[in-house]
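Chemist: Letter by letter, the chains look like this.
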Amino acid sequence: MSSTTAAARPPYDKQGDASDAARVAAAMRSFVREFGVTAAVHMEACVRCGMCAEACHFHVATGEARYTPVYKLELFRRAYLREAAAFAPLVRALGLVKAPTIAELERWQELIYDSCTMCGRCTLVCPMGIDIAELVKEARHGMFKAGLIPERLALMDRAARQWNSTATPGEDLPDILAEAAGQHGVAIPCDLPQADMLVTAAPAELGEHTKALAAAAKILNRLGIRWTMHSEGFDASNIGFNNGDMELQERLTRSLVDTAVKIGAHTVLLPECGHAYGAARWEAAKWYGRELPVRVIHMTEFLDEVIADGRLRVNRIGASATFHDPCQIVRRGGLEAAARRVLAALGFELVELQDHGVAGYCCGGGGGVVSNQRAAPLRQKVFEIKRAQVEATGARHFVTSCGQCRITLEQGAQRAKWNVLPESLLELVADHLAD
Amino acid sequence: MDLLDFARGPALQFALAVFVLGSTWRLAGILLLPRMRDLSPPRAGAPGALAGALGTIVGHLWPRREFVRATLFATVNSYVFHVGLALIVFGLVPHILFIEGLTGLSWPGLPSNLVYAVAAITLVSLLAALVRRVVHPVTRLLSHAGDYVSWALTALPVASGLLAASHLGARYETLLALHILSIAAFLVWFPFGKLMHAVLFVFSRGATGMRFSHRGVRA
Chain A
1 MSSTTAAARP PYDKQGDASD AARVAAAMRS FVREFGVTAA VHMEACVRCG
51 MCAEACHFHV ATGEARYTPV YKLELFRRAY LREAAAFAPL VRALGLVKAP
101 TIAELERWQE LIYDSCTMCG RCTLVCPMGI DIAELVKEAR HGMFKAGLIP
151 ERLALMDRAA RQWNSTATPG EDLPDILAEA AGQHGVAIPC DLPQADMLVT
201 AAPAELGEHT KALAAAAKIL NRLGIRWTMH SEGFDASNIG FNNGDMELQE
251 RLTRSLVDTA VKIGAHTVLL PECGHAYGAA RWEAAKWYGR ELPVRVIHMT
301 EFLDEVIADG RLRVNRIGAS ATFHDPCQIV RRGGLEAAAR RVLAALGFEL
351 VELQDHGVAG YCCGGGGGVV SNQRAAPLRQ KVFEIKRAQV EATGARHFVT
401 SCGQCRITLE QGAQRAKWNV LPESLLELVA DHLAD
Chain B
1 MDLLDFARGP ALQFALAVFV LGSTWRLAGI LLLPRMRDLS PPRAGAPGAL
51 AGALGTIVGH LWPRREFVRA TLFATVNSYV FHVGLALIVF GLVPHILFIE
101 GLTGLSWPGL PSNLVYAVAA ITLVSLLAAL VRRVVHPVTR LLSHAGDYVS
151 WALTALPVAS GLLAASHLGA RYETLLALHI LSIAAFLVWF PFGKLMHAVL
201 FVFSRGATGM RFSHRGVRA
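For the record, the sequence lines run as chains A and B. So for the first sequence, the numbering used here puts the first residue at 1; every next one is plus one. So for the second sequence, the numbering used here puts the first residue at 1; every next one is plus one.
Keep in mind that the hints were calculated from the coordinates and are not lab data. Any given hint might turn out to be false.
[As the list claims (entries may be wrong)] Computed footprint of chain A on chain B; a stretch qualifies when at least three of its residues, placed anywhere within it, have a C-beta under 8 angstroms from a C-beta of chain A:
hint	segment
1	31 to 40
2	143 to 154
3	173 to 184
Heads up, the beta-carbon is just placed ideally off N, CA and C, and yes, glycines get one too.
Hey, can you work out the whole structure from these sequences and the hints?
Modeler: Laid out in structure tokens, this is it:
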């Protein structure tokens with residue numbers, strides 16, 4: 001039911017067999033639903049100054065004008081002006097703004113899926129403070145409804161709709177955890193009927209990054225916390241958040257919260273995953289429909305808390321390190337200082353990247369771009385920005401706190417034949433627990 | 001009724017009516033849209049919504065260190081013509097008298113020659129902005145007809161005001177009438193194009209400030 005385009009044709013995919021007219025109508029209906037007061041004020045306030053281009057890694061890495069962040073909203077803007085703005089009837093009556101066509105929507109796919117990681121760096125430079133990343137996310141809702149998302153993301157969407165995870169069905173979780181527990185020599189409780197903390201994972205931790213899972217288990221066991229993973233809610237990386245699939249985003253959100261409530265947990269611990277934090281910490285209540293009955297906390301935040309209050313003691317590594325700030329955790333999540341406190345506890349001499357903290361460059365793989373294989377060449381150009389900044393620090397360790405960033409950076413390093421691999425902050429803590 | 005009477009009278013009244021009603025309509029059309037309350041618990045120690053909004057409204061007056069170099073020309077040039085326009089509109093004695101006639105408010109003016117010099121600089125700055133808009137691939141791609149209309153209707157009152165002040169090209173009364181008509185055109189266009197950013201920037205920055213201060217981020 002889907003078709004992947006050949007290299008010579010514009011890079012877009014289609015899902016389903018809806019007519020072109022139905023796709024456009026579905027996209028427009030969805031776009032119009034998105035315009036609450038904040039989205040509208042952000043659509044209206046742009047002065048077309050183009051400064052956002054200077055903040056976007058895709059523009060900086062390629063110099064191509066079409067990667068200017070606010071240009072990625074062009075069709076969304078037209079939908080707004082025609083359907084939702086204060087002068088919309090006038091705009092339609094006089095034909096001042098054309099409605100998006102199917103061909104335009106198809107071409108647009110590359111701009112909002114392949115060349116935007118929703119990292120939000122553009123917001124920092126915008127003189128109007130426009131949250132372009134959030135608008136791109138809202139525009140993706142319409143693209144999903146139109147069946148116009150990259151096929152690789154659609155594939156993951158289908159898996160998650162069936163399994164509540166892009167990695168594995170829930171019934172396989174006990175076996176995967178048992179294998180990881182055996183491999184790393186650590187107990188990983190699964191499906192306990194009662195626990196204080198529901199611990200979740202990113203998909204890669206159920207595959208090639210099981211060491212991160214074991215690291216979390218080692219720390220939680222050391223702390224004596226009553227915790228479990230659970231086959232009814234275990235994958236925190238909300239693919240609905242990235243793809244624009246609102247139904248899935250709500251379902252995945254509910255599966256985590258409902259599972260936590262079911263087992264009596266007061267806390268949901270998120271893995272080292274950026275979009276999991278965006279989806280569960282800041283958006284879950286919206287999809288849950290009310291304030292969450294549980295606390296949602298990111299792994300970095302958790303480590304910071306238990307080290308600060310003395311419950312967890314770590315040995316000092318005493319080497320230089322630089323830190324890649326994951327966008328959803330730092331720029332859009334607020335955990336800049338927390339990560340640095342954990343690094344300091346580990347005795348690292350921190351050598352900051354030229355652009356760091358809130359203004360750090362994205363790894364290039366956020367927002368689903370890492371999973372979108374056709375975006376790999378573009379991602380590789382972006383990787384060079386990070387590589388140059390890391391090399392300039394001369395630091396011995398390159399640390400980050402997001403598994404997706406790690407994968408993106410590992411892939412980048414591999415392709416560039418660069419022998420610096422990003423290390424997980426969580427794994428460093430687990431490897432240096434004081435006796 | 002000669003041209004000057006028309007400009008001072010019905011044209012300006014019509015323009016002011018469109019300006020006020022249009023701006024109110026557009027602003028209400030935005031601010032009355034549904035408001036989604038953020039139900040997530042705020043970051044411990046996060047400032048309140050108003051403080052967060054103010055932080056970003058003030059913070060975005062100048063680019064962050066990381067972006068200063070890349071945006072220096074556009075930033076400085078924007079300041080030059082924005083400050084210039086403010087000095088012209090609120091500093092020239094005839095303008096103050098006009099505003100006093102409308103609102104009853106008055107304040108001391110600046111020396112006329114100083115304001116004319118500022119106007120000349122402002123015009124050069126606006127021309128530089130236009131050249132950049134046309135020449136730079138990013139701004140050229142982003143620009144719509146409305147952006148050029150906004151530019152023209154901002155530059156015209158400055159240019160016509162300078163001509164009127166210097167009595168160049170036609171009778172003073174005619175030049176003054178054209179100057180007032182150009183202001184009328186500016187006022188009529190204001191609610192429809194991007195000139196509204198003069199009002200919207202507060203809401204736009206403020207909304208982002210609220211969203212991110214809630215998360216413990218200084219955006």
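Chemist: Could you work out which of the previously given hints the structure breaks and list their numbers from low to high?
Modeler: 3
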